[in-house]
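A.B. asks: Sequence:
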Amino acid sequence: MRRLRTAFLVLPLLLVVGTGDAGAEPKADPSADGAGSDRHPSSWIYQLSGYEDDGLEALTAAPHDAAVIDLARDGGDDYFTADEITALKDSGKTVYAYFTMGSIETYRPEHPAVAAHDLVLNRWGDWPDEYFVEYWDQRWWDLVMRPRLDQAMAAGFDGVYLDVPNAYEEIDLALVPGETRESLAQKMVDLIIAVDAYAGGSLAVLPQNSPELREYPGYLDAIDGIGIEELFFLNADEPCAEDWCGENLANTRAIRDAGKLVLAVDYASEPANIAAACARYDDEGFAGAVAGVDLDAIYAPCP
Numbered sequence: 053m054r055r056l057r058t059a060f061l062v063l064p065l066l067l068v069v070g071t072g073d074a075g076a077e078p079k080a081d082p083s084a085d086g087a088g089s090d091r092h093p094s095s096w097i098y099q100l101s102g103y104e105d106d107g108l109e110a111l112t113a114a115p116h117d118a119a120v121i122d123l124a125r126d127g128g129d130d131y132f133t134a135d136e137i138t139a140l141k142d143s144g145k146t147v148y149a150y151f152t153m154g155s156i157e158t159y160r161p162e163h164p165a166v167a168a169h170d171l172v173l174n175r176w177g178d179w180p181d182e183y184f185v186e187y188w189d190q191r192w193w194d195l196v197m198r199p200r201l202d203q204a205m206a207a208g209f210d211g212v213y214l215d216v217p218n219a220y221e222e223i224d225l226a227l228v229p230g231e232t233r234e235s236l237a238q239k240m241v242d243l244i245i246a247v248d249a250y251a252g253g254s255l256a257v258l259p260q261n262s263p264e265l266r267e268y269p270g271y272l273d274a275i276d277g278i279g280i281e282e283l284f285f286l287n288a289d290e291p292c293a294e295d296w297c298g299e300n301l302a303n304t305r306a307i308r309d310a311g312k313l314v315l316a317v318d319y320a321s322e323p324a325n326i327a328a329a330c331a332r333y334d335d336e337g338f339a340g341a342v343a344g345v346d347l348d349a350i351y352a353p354c355p
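Here the working numbering is used: the first residue of the sequence shown is 53, the next is one more, and so on.
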C-alpha cells in the first residue's frame, strides 16, 4: 500500500458537518470504558449475509466478544431493529454496523439516487456489482453517509465499520480531472473525520484497511480502531508475502500502539493456517478472526 503524506485540505463537506476542535484530546483507549465500546474484545465475528432465519439469534448465541454485521439483514432496506441489536449487545458483544464509505453496490437502496446525481465512477473489478463514488461530494454525505449513520444510531449500534477507504487508490483518475492519489487520500481522511464529528461520541469509528492513512493529520484522533484484512493470509490460505503485507502490518502496529482497537481478519480454511493466524493475533495484541471470504456464516473464534 502507498504511504502518502500531503498538506491538510478542508472540504466544503467538512465545513457543513464540522471537524471538531483541531486541538481536541485524542480518542480514549478502546479497552477503557467510553462511548461506543466498553472493553477491548479478544475475538470477533464478521458476518454480512446468510443470517439464519433472517435474524440474529445464532449470532447472539455465538461466543465472540464483538460482531460486525450489515445495517440490513438483506443488504437493502430491511434494517435490523433496535430490539435485535439490543439483544445482540446483551449477549456481551460490542456490535458494529458495516457499510461502505467509498463505493456503492447496485443492490443498495441508495444506488438509484447516487447514480441520478452522477456520483458513480468506475466499477471495482473485484466486485462486479460495486462502483466507486465521489465520496467527497456533499451529496454523497446527504444521500448515503448521514442517513446510514442516523440508522446505526437509531438501532443502537456501538459503532460503525466503514469499508472501502481504499477507494482513493482505485478511482480512475481520468474520471476526476485535477485529482491525484494524494488529494483523494486526504479527502478520504476528511470524510472519516466528518463521520467522527457527526457521531459525536455516540458511535465508535472503525475504517477497514488503508492503515497508511494514519499518516494524515486528524485521522488517528477520529478513529477508535481499524479493521484490517489479509495481514497473514490472502484469500484463501495463501501466505501474505507481498511487500504491501509488511507495510500494512507496520502501519497497523502503529495504530495499535496509538491505543486503538485492531480487528484483524484473514481468510483461510486449512487448520494449520487458522492456528497460525490466531497465534499471530495473540502475539500482536489484535482481536482476530479467521473466516471464509464470503462472510456468510458463523465460524469458531480463535482459541
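Don't read these hints as lab results, they were simulated from the structure.
Be aware that one or more of the hints could be misleading.
[Claimed, not checked] Straight-line C-alpha distance at most 20 Å; calculated SDA-like pairs for lysine to any residue:
{"id": "1", "residue 1": "Lys141", "residue 2": "Ala113"}
{"id": "2", "residue 1": "Lys141", "residue 2": "Ser254"}
{"id": "3", "residue 1": "Lys141", "residue 2": "Trp179"}
{"id": "4", "residue 1": "Lys141", "residue 2": "Arg305"}
{"id": "5", "residue 1": "Lys141", "residue 2": "Gly107"}
{"id": "6", "residue 1": "Lys141", "residue 2": "Pro115"}
{"id": "7", "residue 1": "Lys141", "residue 2": "Pro353"}
{"id": "8", "residue 1": "Lys141", "residue 2": "Gln203"}
{"id": "9", "residue 1": "Lys141", "residue 2": "Asp117"}
{"id": "10", "residue 1": "Lys141", "residue 2": "Pro180"}
{"id": "11", "residue 1": "Lys141", "residue 2": "His163"}
{"id": "12", "residue 1": "Lys141", "residue 2": "Asp106"}
{"id": "13", "residue 1": "Lys141", "residue 2": "Pro161"}
{"id": "14", "residue 1": "Lys141", "residue 2": "Gly208"}
{"id": "15", "residue 1": "Lys141", "residue 2": "Val228"}
{"id": "16", "residue 1": "Lys141", "residue 2": "Glu162"}
{"id": "17", "residue 1": "Lys141", "residue 2": "Glu104"}
{"id": "18", "residue 1": "Lys141", "residue 2": "Asp189"}
{"id": "19", "residue 1": "Lys141", "residue 2": "Trp176"}
{"id": "20", "residue 1": "Lys141", "residue 2": "Ala114"}
[Said to hold, decoys possible] Label pairs and their calculated CB-CB ranges:
{"id": "21", "residue 1": "Thr158", "residue 2": "Gln190", "range": "20 to 26 Å"}
{"id": "22", "residue 1": "Pro291", "residue 2": "Met205", "range": "36 to 42 Å"}
{"id": "23", "residue 1": "Ala226", "residue 2": "Glu294", "range": "23 to 29 Å"}
{"id": "24", "residue 1": "Ala324", "residue 2": "Asp105", "range": "31 to 37 Å"}
{"id": "25", "residue 1": "Pro269", "residue 2": "Ala349", "range": "25 to 31 Å"}
{"id": "26", "residue 1": "Asp170", "residue 2": "Ala110", "range": "37 to 43 Å"}
{"id": "27", "residue 1": "Ser321", "residue 2": "Thr232", "range": "36 to 42 Å"}
Built from N, CA and C at the ideal position, the CB exists for glycine as well.
A.B. asks: Could you run down the list of hints and mark each one as holding or not?
C.D. replies: Checked hints:
no. : hint                        : verdict
1   : Lys141 / Ala113             : holds, 11 Å
2   : Lys141 / Ser254             : holds, 15 Å
3   : Lys141 / Trp179             : violated, 31 Å
4   : Lys141 / Arg305             : violated, 28 Å
5   : Lys141 / Gly107             : holds, 14 Å
6   : Lys141 / Pro115             : holds, 12 Å
7   : Lys141 / Pro353             : holds, 17 Å
8   : Lys141 / Gln203             : holds, 17 Å
9   : Lys141 / Asp117             : holds, 10 Å
10  : Lys141 / Pro180             : violated, 34 Å
11  : Lys141 / His163             : violated, 30 Å
12  : Lys141 / Asp106             : holds, 18 Å
13  : Lys141 / Pro161             : violated, 26 Å
14  : Lys141 / Gly208             : holds, 9 Å
15  : Lys141 / Val228             : violated, 42 Å
16  : Lys141 / Glu162             : violated, 28 Å
17  : Lys141 / Glu104             : holds, 18 Å
18  : Lys141 / Asp189             : violated, 34 Å
19  : Lys141 / Trp176             : violated, 34 Å
20  : Lys141 / Ala114             : holds, 12 Å
21  : Thr158 / Gln190: 20 to 26 Å : holds, 23 Å
22  : Pro291 / Met205: 36 to 42 Å : holds, 40 Å
23  : Ala226 / Glu294: 23 to 29 Å : holds, 27 Å
24  : Ala324 / Asp105: 31 to 37 Å : holds, 34 Å
25  : Pro269 / Ala349: 25 to 31 Å : violated, 40 Å
26  : Asp170 / Ala110: 37 to 43 Å : holds, 41 Å
27  : Ser321 / Thr232: 36 to 42 Å : holds, 40 Å
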